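Trainee: This is what each chain is made of:
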Amino acid sequence: MTVTKVALPDAKGRFGKYGGMYVPETLVYPLQQLCEEYEAAKSDPKFQAELESLLRDYAGRPTPLYFARRLSERLGLKVYLKREDLCHTGAHKINNTLGQALLAKRMGKRRLIAETGAGQHGVATATAAALLGLECDIYMGEEDMKRQALNVFRMRLLGARVIPVCSGSRTLKDAINEAMRDWVTNVRNTHYVIGSVVGPHPYPMIVRDFQSVIGRETREQIIAIEGRLPDYVIACVGGGSNSIGIFYPFIPDEGVKLIGVEAAGKGIVTGMHAATLVAGTEGVLHGAYSFVLQDKHGQIRTTHSISAGLDYPGVGPEHAYLKATGRATYVAATDEEALDAFKLLAETEGILPALEPAHAIAYLVKLSHSLRSNDIVIVCLSGRGDKDVEVVMRALGMSEQTLQAD
Amino acid sequence: MSPLGVRWGEIKMRLRHHFEELRRSGDGGLIVFITGGDPTIEVTIKVVLELAYAGVDAIEIGIPFSDPLADGPVIQASSERALCSGTTIQALLSAVSEIREHTDIPLIFMSYFNPVLQYGLERFAMDCHDVGIDGVLITDLPPEEASEWIESARRHSIDTVFLLAPTSTDERVKMVAQVSDGFIYCVSRTGITGEREKLPEDLGELVKRIRHFTDKPIAVGFGVSSPEHVRSILTQTEADAVVVGSAVVRRMHEWLSSSSDAYVWSSLRQFASSLKEATLRVKPKAGEG
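As you go down the protein sequences, you meet chains A and B in turn.
When we follow our numbering, the leftmost residue of the first sequence carries the number 4, and every step to the right adds one.
When we follow our numbering, the leftmost residue of the second sequence carries the number 111, and every step to the right adds one.
Chain A on its own, in the form it takes in the complex:
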């Protein structure tokens, strides 16, 4: 496959052979309506102005592109961090939820539903719902509710109902199943705010468009600061929304290498990971043809990552396309490497990253050995780490005990 110059997805929602709309009949027409409404909103200056003003005055955009001086010195290259952690609610998720909530309002839907893994997308959806006066129900795996208790409470404070999902692996994948079941039932008055570039067309396109504000700002900022484009852009990939958001505006810049970092969990060889593009195969999950972690019978496998936001057996179809065309490269970092990176960023820069972008930092550390001091690398710091402090504490506590035992 070669990179096409035509805007993707095509009319059938395909990025090359990936994507599409594999959904039960009940959802086909609502998705077609969503396509139409989104196209109308896209070319409506009033809608765009409203979104822009919310992103600026409410979410705090543009976010800084920060030169990480001490980290750069430590690694021997120029590292810039795109500070999505400074967005309102603490992660990039708000870029998408504000856009989709405005879209829902435009369609006359008075209720929002969403799935959430780490809780960031749930919080961002609950926030947008509160802001626009919409009802809000969030589906969250029981396992994730334990891992991210703080975010559960935040959502409730924002007036949302958090509905525990006890089926399957009780994580993000199952929360999406449950949200889909709700949507298929209440589709007439409810908009499903998917939080990543996954799901049936037009979701991968809508979420990408709303998130690509990250890359547009980054591209302008780096040119203003350095007078040139970066050599590398690195971002973590679960479903792939922050990564597609920062990659997308750089896709035509062929000299810029794009690297997505997935969760290798306890190691790819152990099978306990969530590295879909690195170790998965092609299949259909949640309405799109993409890469999937599955067994040979097409049953979806359970995944593992220390980071709830990356703990997902699928990945956005546009990433599958970028992998197939070679335009982006996908690698993976383990739980342990992510924890080390978490500490590294805390100690060198005074920033606690979320465990998700800690995976991107982890790969940056590996990559740094083969780079020169003038090379410019931008890492998307997609969220802040407050939500993960407890998980990190437990994980580090355990590894210290292990060290002592050794």
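Worth flagging that the hints you see were computed from the coordinates, not collected in a lab.
Warning: the hint list may mix true and false statements.
[Claimed, not checked] Rough simulated footprint, nothing fancy, chain B against chain A, three-plus residues with beta-carbon under 8 angstroms:
id, segment
1, 11 to 24
2, 28 to 37
3, 170 to 176
4, 182 to 192
5, 283 to 297
6, 300 to 306
[As the list claims (entries may be wrong)] Sample of chain B residues at the chain A side, in silico, Cβ under 7 angstroms:
id, residue
7, 224
8, 249
9, 277
10, 285
11, 302
The structure displayed is predicted, hence computed values, not measured ones.
Note that CB positions come from ideal geometry on N, CA and C, so glycine has one too.
Following the hints, put chain B in place on chain A, whose structure we already have.
Mentor: Quick look at chain B alone, frame taken from chain A:
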């Protein structure tokens, strides 16, 4: 010979012939859904045979999937049980071969797309035909994404059953009616599978809208839970048949977990017969209307 006295000579026309015969007789059709391999393949074989003997008109065997997003809790749990016992497409194909030694009842596989995709569309259609499957319904494969599957299925004389729902526009009704073979599966309500107290009030309208565009058999499913539901759908709408799923799957699971073997099978026979009874003499016989 089937209970209706239809000769099952031509395998590939089994569904169509059966529905034609039903229309001639003035009876409605009863299609029962069960999850294949719940809790084991052996039980599935026995259930299918019992249902056939009880006079059920066709059986949908669900291929279990790890992420059944169109299904309610009852079918979700049954899929988990089936996967726990190691149920695969291969195992279900062998089970159908075995079933075919005893009955000619029309059999339909119902699946989510990914297991079929991984098995291989062409191989799946061919193997279905070889063991005697009549039709296949893929829940999350609307006609827009199905051209390759439809080609394979046609090549091997497998009926491709598609769904219509309350949200389907007239344009879609026309299109689905064209590509759906055997029958059209009309989803009674926006939502997931599962038992319900009441039938939706606008069901008659929906079936009428579909009937306006096609003469093909229409089967109504989702939420059809009792003989009363069955009779009122068949007498009050233009549907040819009903599909009962969760009501049977839930009962079977309860009987199997708490009752003696003999009681399980007599209960199943009794329930299936009561559903079938509700489909009899619900329409004017063809030519009398």
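Trainee: Are any of the numbered hints broken by this structure? If so, which, sorted upward?
Mentor: 10
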